[in-house]
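Just so you know, the sequence shown maps onto residues 1 to 334 in my numbering.
Careful, some of the hints might be misleading.
Taking lysine-lysine and the DSS-like style, the derived pairs with C-alpha atoms no more than 27 angstroms apart in a straight line are [stated by the list, open to error]: (1) K154 x K165; (2) K322 x K312; (3) K180 x K31; (4) K324 x K312.
Restraint ranges, calculated between C-beta atoms of paired labels, are given here [said to hold, decoys possible]: (5) R46 x L69: 43 to 53 angstroms; (6) W265 x G182: 16 to 26 angstroms; (7) S81 x G42: 55 to 65 angstroms; (8) E307 x W265: 43 to 53 angstroms.
Just so you know, the hints here were simulated from the structure itself, not pulled from any lab data.
Note that the structure is a prediction, hence the values are computed from the model and not measured.
Glycine is no exception: its CB is placed at the ideal position from the N, C-alpha and C atoms.
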Amino acid sequence: MKCMKCFAVLMTFVFLSMSVCSASAAEFNLKFQTYVPPALAGANERMAKEIEEMSGGRIKVTLFTSSELVSSSDTLKACRSGIVDIAMGSGYHFSELKSGAIQAGMPMTWASPVEAEVLWEKMGFRELVAKSFEPFGVHYLGPVLLSPYAITTKTPVRSLDDLRKIKIRATSGPAKMFQKLGINTVYLKSEEMYLALTTGQIDGVLWGGAADYDSMNFPEVSPWYCNTYIVNPIVDSLFISNKTWEKLPDDLKAIVESAAHRSSWDYLAWAMYGEYQILDQKYKDKVTSLPEADVLKLTEAAQVIWEEEAAKDPLHKEMVDKIKELLREVGRLK
1 MKCMKCFAVL MTFVFLSMSV CSASAAEFNL KFQTYVPPAL AGANERMAKE IEEMSGGRIK
61 VTLFTSSELV SSSDTLKACR SGIVDIAMGS GYHFSELKSG AIQAGMPMTW ASPVEAEVLW
121 EKMGFRELVA KSFEPFGVHY LGPVLLSPYA ITTKTPVRSL DDLRKIKIRA TSGPAKMFQK
181 LGINTVYLKS EEMYLALTTG QIDGVLWGGA ADYDSMNFPE VSPWYCNTYI VNPIVDSLFI
241 SNKTWEKLPD DLKAIVESAA HRSSWDYLAW AMYGEYQILD QKYKDKVTSL PEADVLKLTE
301 AAQVIWEEEA AKDPLHKEMV DKIKELLREV GRLK
């Protein structure tokens, strides 16, 4: 009996030792940083888990959220140097990525996730975006379709004239479009927006969709929502360090790319579910839209922004031309 107990203890020790070894036996330990806060990082968490599971534990992914390792604006540089292996960021964040505003979503361009997917996957836009990342030592994993880009305000907005009476937080192309129409804008970091709304520094925000705003408690201080989308959806990018990518065998590369593509639609499903649910709950009876005549004025002002971006670089022009081709196909541009 004593021998049997000793054998059982020994086998338990062997099993635990094997489990520990198995857990630490990953061939690749990757650091993944996303710029979003923990409350919005569910799709990133599932992507990390899926890579681990599909690789049978050969890849271990550690996720870091907003600025835990490096600031959002430095993520591209950090990925190039190998401080970060995989990253998700917005083209708006990277001053060195001159085409960032185009790929993130110029105002009044694609108007649905399906249009965005057709543009990227069927019309060659993905290849152009991947080319724009090449000089920065990273491999482009693909777009992340996010939320609709909508305005939330403290008072109802039913026209451009209403917008001209207030100050909103906006950035890049949308801010330029608004300024051309006499609308006051200011840029603030996401972590500064709630306080700015409560103190009256700003009267509204253009940053995301209903789910994003609810996650940051904006309905408490900015209870109105204009569902005339400036672009739908806003698009982020997933990319991986070339140093890491070149070390991965082909089967693991396929797993990472598959998980990246699934992550895009995972995030979008969360955002759109929130859009339907939260509009009905948190913005109930406080959803507005702009009249068609004002949407036309926005589009006309936006086209000036498109041409300004296209004039900066031949690659930019190729991107803008692809977007115009899409808009002609769907009938919103002659």
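Taking the hints in turn, this is what the structure says about them:
1. K154 x K165: holds, 12 angstroms
2. K322 x K312: Roughly 16 angstroms between the alpha carbons, so the hint for K322 and K312 holds.
3. K180 x K31: At roughly 42 angstroms apart (the allowed maximum being 27 angstroms), K31 and K180 break the hint.
4. K324 x K312: holds, 17 angstroms
5. R46 x L69: 43 to 53 angstroms: Because 20 angstroms falls outside the window, the suggested range is violated.
6. W265 x G182: 16 to 26 angstroms: violated, 38 angstroms
7. S81 x G42: 55 to 65 angstroms: For G42 against S81, whose Cβ atoms are near 28 angstroms apart, the range 55 to 65 angstroms is violated.
8. E307 x W265: 43 to 53 angstroms: Given a distance of about 32 angstroms, which is not inside 43 to 53 angstroms, the answer is violated.
Comparing the model with each earlier hint shows violations of hints 3, 5, 6, 7 and 8; every other hint is respected.
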